[in-house]
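Chains as they are written, first to last, in the working numbering: chain A, 1 to 115; chain B, 116 to 227.
Hint data in this document are derived by calculation from the structure and do not stem from the laboratory. The structure displayed is predicted, hence computed values, not measured ones. Fair warning: there could be bad hints in the mix.
[What the hints assert, rightly or not] Distance condition first, Cα-Cα at most 25 Å in a straight line; then the derived DMTMM-like pairs of lysine to aspartate or glutamate:
| id | chain 1 | residue 1 | chain 2 | residue 2 |
| --- | --- | --- | --- | --- |
| 1 | A | K9 | B | E203 |
| 2 | B | K214 | A | D38 |
| 3 | B | K184 | B | E130 |
| 4 | B | K164 | B | D200 |
| 5 | B | K164 | A | E79 |
| 6 | A | K57 | A | E79 |
| 7 | B | K184 | A | E79 |
| 8 | B | K183 | A | D56 |
| 9 | A | K9 | B | E186 |
| 10 | B | K214 | A | E73 |
| 11 | B | K164 | B | E203 |
| 12 | B | K214 | A | E52 |
| 13 | B | K214 | B | E130 |
| 14 | B | K157 | A | E59 |
| 15 | A | K14 | A | D26 |
| 16 | B | K173 | A | E73 |
| 17 | B | K157 | A | D38 |
| 18 | B | K183 | B | D123 |
| 19 | B | K157 | B | E186 |
| 20 | B | K157 | A | D108 |
| 21 | A | K14 | A | E79 |
| 22 | B | K164 | B | E186 |
| 23 | B | K164 | B | D123 |
| 24 | B | K173 | A | E52 |
| 25 | B | K164 | A | D26 |
| 26 | B | K164 | A | E59 |
| 27 | B | K183 | A | E79 |
| 28 | A | K71 | A | D38 |
| 29 | B | K184 | B | D123 |
| 30 | B | K173 | A | D38 |
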Amino acid sequence: NAGVTQTPKFQVLKTGQSMTLQCAQDMNHNSMYWYRQDPGMGLRLIYYSASEGTTDKGEVPNGYNVSRLNKREFSLRLESAAPSQTSVYFCASSGRTGGEGQPQHFGDGTRLSIL
Amino acid sequence: AQSVTQLDSHVSVSEGTPVLLRCNYSSSYSPSLFWYVQHPNKGLQLLLKYTSAATLVKGINGFEAEFKKSETSFHLTKPSAHMSDAAEYFCVVSPASYKLIFGSGTRLLVRP
Chain A
1 NAGVTQTPKF
11 QVLKTGQSMT
21 LQCAQDMNHN
31 SMYWYRQDPG
41 MGLRLIYYSA
51 SEGTTDKGEV
61 PNGYNVSRLN
71 KREFSLRLES
81 AAPSQTSVYF
91 CASSGRTGGE
101 GQPQHFGDGT
111 RLSIL
Chain B
116 AQSVTQLDSH
126 VSVSEGTPVL
136 LRCNYSSSYS
146 PSLFWYVQHP
156 NKGLQLLLKY
166 TSAATLVKGI
176 NGFEAEFKKS
186 ETSFHLTKPS
196 AHMSDAAEYF
206 CVVSPASYKL
216 IFGSGTRLLV
226 RP
């Protein structure tokens, strides 16, 4: 039972490079999310996808783009990486958006350093 | 606006003693509340959730939390700490939408 799988686990980029973080879930969840985690700040939502074919901005979307490729997969792209984007990135999924008591299930994260 | 405050950034206990991690929330209506745990280099794992069915919520690994509306609190407890409980814990509030609002986290240290 894999749950939410993120690739890669670690990545080092130079300023200005681009890359795509991949996420896939096998729980048949409708909703998927991308967060970043920085020390002392909890998790902050970058983008989310309530269902296949839709995406919306979260709290900190600047510098990122997303693609909901199909129901299973949700990718996050950094077009021109900046040192401020050094962080740990988490993908999550949930059964549906909205409603009471919808916990999210998280991947193990991608640790991204930008030099 | 909804928010959540974790009152301690670090808590240190001895193995076998009780654990108390404190969380206060702000909400204009009865929210959904969660506790998540994060072990080093891992993602967040759901410990328990409150969704208005019962004020005392039991979770995994012996943890439980009590929802107190009058105090706007949702503190996490465990009767006896184990070394494997050492991790970071997040209190989370969820409005009736996609959003999870995270506290800043409490790092639990368990001394042998």
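Check the hint pairing K164/B with E203/B against an upper bound of 25 Å on the C-alpha distance. Holds, at about 17 Å.
Compare the distance between the alpha carbons of K184/B and E79/A with 25 Å, and conclude whether the hinted pair is satisfied. 45 Å, violated
Between K71/A and D38/A, does the CA-CA distance stay at or below 25 Å? 28 Å, violated
Restraint check for K214/B with E130/B, where alpha carbons must lie at most 25 Å apart: Violated - the C-alpha atoms of E130/B and K214/B are around 35 Å apart, more than 25 Å.
Is K214/B close enough to E73/A, meaning Cα to Cα at most 25 Å? With a Cα-Cα distance of about 20 Å, the restraint between K214/B and E73/A holds, given a limit of 25 Å.
Hint consistency between K157/B and E186/B [alpha-carbon to alpha-carbon, up to 25 Å]: Given that 25 Å is the threshold and the Cα spacing comes to 32 Å, the pair is violated.
Is K164/B within 25 Å of E59/A, Cα to Cα? At roughly 23 Å apart (the allowed maximum being 25 Å), E59/A and K164/B satisfy the hint.
For the pair we were handed, K157/B and D38/A, check the Cα-Cα distance against 25 Å. The given pair, whose Cα atoms are some 14 Å apart, holds under the 25 Å limit.
Holds or violated: K164/B and E79/A, Cα atoms, limit 25 Å. 37 Å, violated
Between K183/B and E79/A, is the straight-line Cα distance small enough, at 25 Å or below? 46 Å, violated
Sort out whether E52/A lies within 25 Å of K173/B, counting only the CA atoms. Violated - the C-alpha atoms of E52/A and K173/B are around 33 Å apart, more than 25 Å.
Check the hint pairing K14/A with E79/A against an upper bound of 25 Å on the C-alpha distance. 12 Å, holds
When the structure is compared with the earlier hints, violations turn up for hints 3, 5, 7, 8, 9, 13, 15, 16, 19, 24, 27, 28, 30 and for no others.
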